[in-house]
Amino acid sequence: MSYRLYVHPVALLPSGEGGESWHYDWVLLDSGGVAAAQGEQQPQADIEQVLAQNDVSQVRLIGLLPAHLVSYCQAHIPAKQLRYIRQALPFAVEEQLAQEIETLHLALGQRRGDNWDVGAIDNREMDVWTARLDSWKGTVLAGVYPDADLVPLGDAQLAIVVQADEALIRVAQGGWFRIPAEGLALFVDALLHQALQSDEAVLIERTIRVYGKEDALEAQRVALAAMEQEPGVTVSREVLTISTAALLAHAHHGGIEDAVNLCQGKFEPDSGRASVWKQWRAVAAVAAVWFVLQVGIELGQGFYYESQAEQLEAQALDAYRSVFPDEPGLTAANLERRLRSRLAANDSGGSNLEFLTLMQHAGYQYSVMPGRNQTQFDSINYSRQQGQLRIDVRADEFGRLDSLKSGLEQVGLQAQIGSVVNEKSGSRGRLTVSGG
Numbered sequence: 001m002s003y004r005l006y007v008h009p010v011a012l013l014p015s016g017e018g019g020e021s022w023h024y025d026w027v028l029l030d031s032g033g034v035a036a037a038q039g040e041q042q043p044q045a046d047i048e049q050v051l052a053q054n055d056v057s058q059v060r061l062i063g064l065l066p067a068h069l070v071s072y073c074q075a076h077i078p079a080k081q082l083r084y085i086r087q088a089l090p091f092a093v094e095e096q097l098a099q100e101i102e103t104l105h106l107a108l109g110q111r112r113g114d115n116w117d118v119g120a121i122d123n124r125e126m127d128v129w130t131a132r133l134d135s136w137k138g139t140v141l142a143g144v145y146p147d148a149d150l151v152p153l154g155d156a157q158l159a160i161v162v163q164a165d166e167a168l169i170r171v172a173q174g175g176w177f178r179i180p181a182e183g184l185a186l187f188v189d190a191l192l193h194q195a196l197q198s199d200e201a202v203l204i205e206r207t208i209r210v211y212g213k214e215d216a217l218e219a220q221r222v223a224l225a226a227m228e229q230e231p232g233v234t235v236s237r238e239v240l241t242i243s244t245a246a247l248l249a250h251a252h253h254g255g256i257e258d259a260v261n262l263c264q265g266k267f268e269p270d271s272g273r274a275s276v277w278k279q280w281r282a283v284a285a286v287a288a289v290w291f292v293l294q295v296g297i298e299l300g301q302g303f304y305y306e307s308q309a310e311q312l313e314a315q316a317l318d319a320y321r322s323v324f325p326d327e328p329g330l331t332a333a334n335l336e337r338r339l340r341s342r343l344a345a346n347d348s349g350g351s352n353l354e355f356l357t358l359m360q361h362a363g364y365q366y367s368v369m370p371g372r373n374q375t376q377f378d379s380i381n382y383s384r385q386q387g388q389l390r391i392d393v394r395a396d397e398f399g400r401l402d403s404l405k406s407g408l409e410q411v412g413l414q415a416q417i418g419s420v421v422n423e424k425s426g427s428r429g430r431l432t433v434s435g436g
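In our numbering, the protein residues as written are 1 to 436.
The set of hints was computed from the structure by calculation and includes no laboratory data.
Treat the hints loosely; a few may be bogus.
DSBU-like mimics (lysine-lysine), calculated; alpha carbons at most 35 angstroms apart, straight line [what the hints assert, rightly or not]:
| # | residue 1 | residue 2 |
| --- | --- | --- |
| 1 | K266 | K80 |
| 2 | K137 | K266 |
| 3 | K137 | K213 |
Can you build the whole structure from these sequences, using the hints too?
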């Protein structure tokens with residue numbers, strides 16, 4: 001019988017060796033989707049021991065990464081062939097991302113007309129997590145997903161999992177978020193009002209499904225009541241008796257088809273017969289480099305490298321012409337400039353994506369800033385014309401506002417604090433955020 005092991009990192013706790021190690025919520029599903037074993041906040045070694053006790057091996061391992069590590073965006077690419085789509089992907093999304101595109105791993109998700117869902121994660125972060133997950137005994141890494149992208153939507157347009165400290169949010173039209181639980185009401189309110197202002201609404205029927213354990217739902221009673229007061233909004237609640245990891249695992253096993261699997265490209269899992277190849281991969285890479293150098297020496301460096309450059313230019317021109325077959329005067333020299341111009345001109349839904357991206361960055365910086373419990377957002381507004389997110393924020397001291405601003409600037413965004421008022425209880429002001 002085949003098994004799938006879903007692991008959800010939830011806490012970095014001290015280990016017995018004086019360091020720290022990740023602890024996981026996890027569930028082991030058999031081929032029928034029945035939980036054979038599960039647990040909460042356990043280290044890797046304990047979970048591996050359970051696998052050994054159950055005498056299971058070659059288990060398909062699925063990692064559920066914290067969604068704030070993975071940025072969501074959409075790529076407008078009219079091409080049909082996958083190889084051309086992958087070639088155009090970095091150019092199609094780099095204006096939506098604050099980080100340098102060369103430092104990011106991009107993964108394709110569901111196609112929506114000429115648009116593709118895309119997950120972007122720092123290359124080094126992805127390297128660390130795939131190496132960590134690949135080290136599990138008795139398992140074969142099969143996939144890595146942003147946790148919020150597996151929240152089951154059903155017939156809703158917005159699905160939320162409420163936890164003690166955080167909330168996972170998935171949007172039916174594309175997008176995911178992981179935010180501090182105390183900011184849930186304000187965040188959802190901003191999503192709903194942005195939908196009303198947009199030609200392509202983020203939420204269409206404004207149906208919201210909320211999952212959570214009884215105590216977590218009770219803690220969000222006021223926030224849920226505020227959602228229900230929105231005109232036309234229907235909120236359904238489902239009390240969980242299982243962990244969030246189990247909810248996401250059952251949703252994935254049940255056939256969520258549009259989630260973004262980050263294990264693509266260089267991170268694509270090896271096939272079952274490739275376990276021996278993994279041991280020899282480095283040797284093969286060195287051998288390949290040696291072979292290329294030898295060919296270069298034997299054929300003559302000048303001729304060889306000139307030939308290689310011509311081949312690459314021809315491939316790039318073919319890829320561009322497959323998307324824009326009637327383009328006049330196209331040459332290798334002007335290819336990059338024309339591609340950037342085309343992508344900018346054909347980018348649809350840019351205002352929504354800009355809004356979601358700015359919201360995600362602001363929410364993440366808030367979640368990691370020191371003293372976030374002494375900082376609160378009073379209101380959130382977005383100007384489509386100016387591409388600016390405006391947040392009225394207050395804190396017990398001005399330094400916290402400045403820390404939030406600095407965090408946004410460090411990821412390449414433009415951030416300013418204005419209308420600052422110092423009071424006995426602290427400081428308040430307006431944080432304005434826009435693309436870098």
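A quick look at each hint next to the structure:
{"no.": "1", "hint": "K266 to K80", "verdict": "holds (22 angstroms)"}
{"no.": "2", "hint": "K137 to K266", "verdict": "holds (22 angstroms)"}
{"no.": "3", "hint": "K137 to K213", "verdict": "holds (32 angstroms)"}
Going through the hint list in order, the structure satisfies each hint without exception.
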